[in-house]
Amino acid sequence: MGHIRPEDNRSPGGSEPLAPDPEVTNEATAWFIRESAAGFSQADRRRLDEWRAQSPAHACASQRVQALWHAP
Amino acid sequence: MSASPSIDLERLFHEHQRDLLAMLRRMVGCQETAADLAQEAYIRLADVPSSHIIVSPCAFLLRIATNLALDHFRKQKFRGQRQTSLEDAEQVPTAARPVDAQAHDKQLVATLEKALSTLPDRTRAVFAMRRVYGYSYQEIAMQLGMSTRAVEKHLVRAMLCCQDALPSDDLST
Numbered sequence: 001m002g003h004i005r006p007e008d009n010r011s012p013g014g015s016e017p018l019a020p021d022p023e024v025t026n027e028a029t030a031w032f033i034r035e036s037a038a039g040f041s042q043a044d045r046r047r048l049d050e051w052r053a054q055s056p057a058h059a060c061a062s063q064r065v066q067a068l069w070h071a072p
Numbered sequence: 001m002s003a004s005p006s007i008d009l010e011r012l013f014h015e016h017q018r019d020l021l022a023m024l025r026r027m028v029g030c031q032e033t034a035a036d037l038a039q040e041a042y043i044r045l046a047d048v049p050s051s052h053i054i055v056s057p058c059a060f061l062l063r064i065a066t067n068l069a070l071d072h073f074r075k076q077k078f079r080g081q082r083q084t085s086l087e088d089a090e091q092v093p094t095a096a097r098p099v100d101a102q103a104h105d106k107q108l109v110a111t112l113e114k115a116l117s118t119l120p121d122r123t124r125a126v127f128a129m130r131r132v133y134g135y136s137y138q139e140i141a142m143q144l145g146m147s148t149r150a151v152e153k154h155l156v157r158a159m160l161c162c163q164d165a166l167p168s169d170d171l172s173t
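Going down the list, the protein sequences come from chains A and B. To convert, note that position 7 of the first sequence is 7 in our numbering; the numbers rise steadily by one, no gaps. To convert, note that position 83 of the second sequence is 83 in our numbering; the numbers rise steadily by one, no gaps.
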């Protein structure tokens, strides 16, 4: 996965960031929490990578939840 | 040492040393630190006045060890923050962190604390045990008497609550 820039989640032609889709946020958060579970398998890892690669919105949501976890 | 007569230290050591070390190693992630903490736990147990009757010395030992591990996390976190500040200071001698960034961090923390305060106690406890003390999901589940799936649900709820509280671009880098 390449570096995700905030502008990847901006409205088409606009400079305002799109409000995160709640469904995508839920999914990204569930993945993030599951990723640290003991039973997280290689197959789960592949599915997570695939999900992140599906769209910039997924990648942004994933990055956002990680940033939140490591916030001050 | 004059341990409480209800404590047979030698027997405790032989029967529980391996489990105690394994638990501490899982908590602190370092064999050496785990061994130090285990030793300290035995010393503290041995220091229990002889007038005290310990009903379950094994449970008492595990509680002492858990508290020592939590103290260790607190010290480590403080040390980490201090070290990071010093490293920043060395790299950017004039301004380790811009004032507006500091203000932003402060605002962020206040917002997150306010959001977390609206959550049920149990959800907050799960979040703190994971985020602050680094407990595994299994350890949290065991200590709070819930399933690991429930631990995950509490964590998702806490994280969603925090995300809802923040402006959409507040965490963009």
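No wet-lab data here; the hints were simulated from the structure. Watch out, some of these pointers could steer you wrong.
Claimed, not checked - Listed below are several chain B residues computed to face chain A (Cβ distance under 8 angstroms; list not exhaustive):
no. : residue
1   : V55
2   : Q107
3   : L108
4   : V109
5   : Y133
6   : Q138
7   : L160
8   : C161
9   : Q163
All residues carry an ideal CB built from backbone N, CA and C; glycine is no exception.
A quick look at each hint next to the structure:
no.	hint	result
1	V55	violated, 32 angstroms
2	Q107	violated, 10 angstroms
3	L108	holds, 6 angstroms
4	V109	holds, 6 angstroms
5	Y133	violated, 14 angstroms
6	Q138	holds, 6 angstroms
7	L160	holds, 6 angstroms
8	C161	violated, 10 angstroms
9	Q163	holds, 6 angstroms
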